[in-house]
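K.L.:
The lines below spell out each chain.
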Amino acid sequence: MRVEYINPFVETSYRVLKEVLGGTDVKRGDLYLKSTAMPVMGVAALVGLAGDVEGRVLFDMTMDTALNIASRMNGEKLPEFDDLAKATISELANLITAQAVTKLHELGFKFDLTPPALFVGQKMEIAALGGTSENVEALIVPLITEYGKIEVNVAIRERT
Amino acid sequence: MEAENMIAESQQVTATEEDSQYKKDSITVIDFKMVTFSLSGKDYAIDIMNVKEIAKAGRFTYVPNTLPFVLGVYNLRGDIIPILDLRLFFNITVPEHTDNKLENLLILSVGEQTFGVVVDKIDKVVGVQKSKIQPPHPLFGDINIKYIYGVVEAYKRLYILLDIAKIFNSRVAGEDKNRKLVKQVFTQDSISSAVAQIAAKLPEQARGSESDAAVVNPQAAQKNAAAVNKASEQELKFIAESLKNYRKFSVTPLNEEWARSRFASWKEERGGGNTQLQNENDADLYLKTFWSSCSGTWWTKELADAVFKLLPDNTAKQITVWNPGCGKGPETYSLACIMQRRYPGSKIRIYAQDTDLLSVSNAPLLSVPQDIAGGWLSSYLSKKANGEYTFTQEIKDSIMFEYHDCMNTNALPVIDLIFARDLLSLLDEKGQNAVIGDFGEKMKGNGTVIIGENEKLPSSVGFVENAVGTLRAYSKK
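Quick note, the sequences are listed as chains A and B, same order. Quick note on the working numbering: the first sequence kicks off at 1 and runs consecutively. Quick note on the working numbering: the second sequence kicks off at 1001 and runs consecutively.
I should point out that these hints are in silico values taken from the structure, not numbers from a laboratory. Check the hints yourself; a few may be wrong.
As the list claims (entries may be wrong) - For lysine to aspartate or glutamate, the following DMTMM-like pairs were computed, each having C-alpha atoms within a straight-line distance of at most 25 Å:
hint	chain 1	residue 1	chain 2	residue 2
1	B	Lys1347	A	Glu158
2	B	Lys1248	A	Asp30
3	B	Lys1396	A	Asp52
4	B	Lys1442	B	Asp1405
To be verified - To spell it out: a stretch of chain B is covered by chain A in this simulated footprint if at least three of its residues, at any positions, have a beta carbon under 8 Å from a beta carbon of chain A; those stretches are:
hint	stretch
5	1349–1362
6	1405–1418
What the hints assert, rightly or not - Some chain A residues near chain B, calculated using beta-carbon distances under 7 Å:
hint	residue
7	Met1
8	Ile6
9	Ser35
Just so it is clear, CB atoms sit at the ideal spot from N, CA and C, and this is done for glycine as well.
Produce the entire structure from the sequences given, and follow the hints as far as they go.
P.N.:
Spelled out as structure tokens, the structure:
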């Protein structure tokens, strides 16, 4: 993945998360690359990218984390993962991706994003297969907050 | 419906007439015959030894859930054979046809299997001289070049000779041996004998020091030497293990030659009994002689000129370079400058990749230290307002730095030059093989691979060495 892409995603996910959680402490774990199929913790919000590049951004967290974050963002305790909670998590994914894409636009990379899709369930796995059945390499940005851990999983590649 | 056999004989008569004409033009020994045909107006050919017959047929029996280019099966006089459409296989547009129209079929036999392939038009049988067949040139589009055996000219037309064995992915034993187009520098035998020589030399050296003491009893000396040999083999194994632990350096056939000769000099440096690597410092000391000149840092003028000389002529509009393991980037920039000088008319595109996030993130903004900026790089530099030297926009634009692990899938276009000095040795053996495989897959037929000065690609992977000075370069067989 082009190094120019990395920082906008790391920076905006960190900043947006900190902001929506009311300025709590957000710690960034070590970034790493992965190209194998990986389990999803329970709730995954996915935003697709298309244009000069192709790829996707996936926000992965446990159900508890998702509920905590949704509760915090809405300013009320949500007892279950209902429509409001789902919409909130989708919006969070949208916020972060959109801001990152805006930043990349300023750097001269043009691409669009799809509306977020949300997946909830147990024992889910994200396949590592790309369009041509090759393994996609993803950058993992772990973000640790007092509400739980979110993993931002970015896989972008240039069209060749 | 029974296939209507169109025996190539009538066509061959005309072909032989032309053949004799052709023979007069230039004295040609015809030792290779091929059946020619066209796909969307372009001329292709297949070795006649693979062609069983020519037929016209249609209305193939569709088989569900097969690959898109499989049209179905067909009953050829009692044998059920699969029918493939070469145009679909190569992503060439298929002309529309009515249901009843018969297709031109080439019945091929590859190994023990028989296939039918559908082509646009079957032309004739053409005889050529085998040595006139040239390796595939990457300019020929439409078809992935790995399926092309070569290109040959006959009757002022260029025929693209398809590699049927590759297309049908079958291993036809024995036949491959005759298929080498370019003369090999090393044959398998010469390599193994060279290795054997080296292997033989090493124990001799080990024996040399020992035999002085034990000269009285030759039998004992021999026994001793064997024991010493075994012991040092063991020591070398331990060292290899430590190198892997401390510095992720894998001793494999790729660098074994170096590792062995280094072991001999290491023993001299350290003296007996103290050869093991205790910590990372020891590992670094051991590896000191491994690194290529200017590895990971700015190139000297000598190295730059050597690389310049090594680069082959290339008139392509865009020249693509793959530089895995670029680290902080000085080598990549040096290479970019040399590429710019070597191919002024072409657009250079360098894919520089590393797994060290910090190094590679800073690489696009790298500035050149004062003492280097005065040297050969000076004409590619511009001075910023704060007095720092950076590369010109043209150089910067030619490089794309990526955070990428080359052991994962490499999504790259076809490559002219692969520059990977001292990288492969830092991957484990499986990774090395995968990456070397990718080298072959991604590189154009006329491309070049440059690896570390103390590295050596195994002869079995389809590359031939053409070293210039200390630089180790390889091209495709």
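K.L.:
Could you run down the list of hints and mark each one as holding or not?
P.N.:
To see whether the hints hold, each was checked on the structure:
1. The hinted pair formed by Lys1347 of chain B and Glu158 of chain A meets the criterion: a straight-line CA distance of about 18 Å does not exceed 25 Å.
2. With a C-alpha separation of about 20 Å, the suggested pairing of Lys1248 of chain B with Asp30 of chain A holds against the 25 Å cut-off.
3. For the hint linking Lys1396 of chain B to Asp52 of chain A, the alpha-carbon distance of about 20 Å falls within 25 Å, and the restraint holds.
4. Taken as a hint, the Lys1442 of chain B and Asp1405 of chain B pair is honoured in the structure, with Cα atoms around 16 Å apart against an allowance of 25 Å.
5. Coverage of the stretch 1349–1362 of chain B by chain A holds in this model, with 4 residues showing a Cβ closer than 8 Å to a Cβ of that chain against a need of three.
6. Counting residues of the stretch 1405–1418 of chain B whose C-beta sits closer than 8 Å to any C-beta of chain A gives 6, which meets the bar of three, so the coverage hint holds.
7. Hint on Met1 of chain A holds. Least Cβ distance to chain B is approximately 5 Å, under the 7 Å limit.
8. Here the hint on Ile6 of chain A is kept, as its CB sits about 6 Å from the closest CB of chain B, short of 7 Å.
9. Satisfaction of the interface hint for Ser35 of chain A is found here, the shortest Cβ-Cβ separation to chain B being roughly 4 Å, below the 7 Å cut-off.
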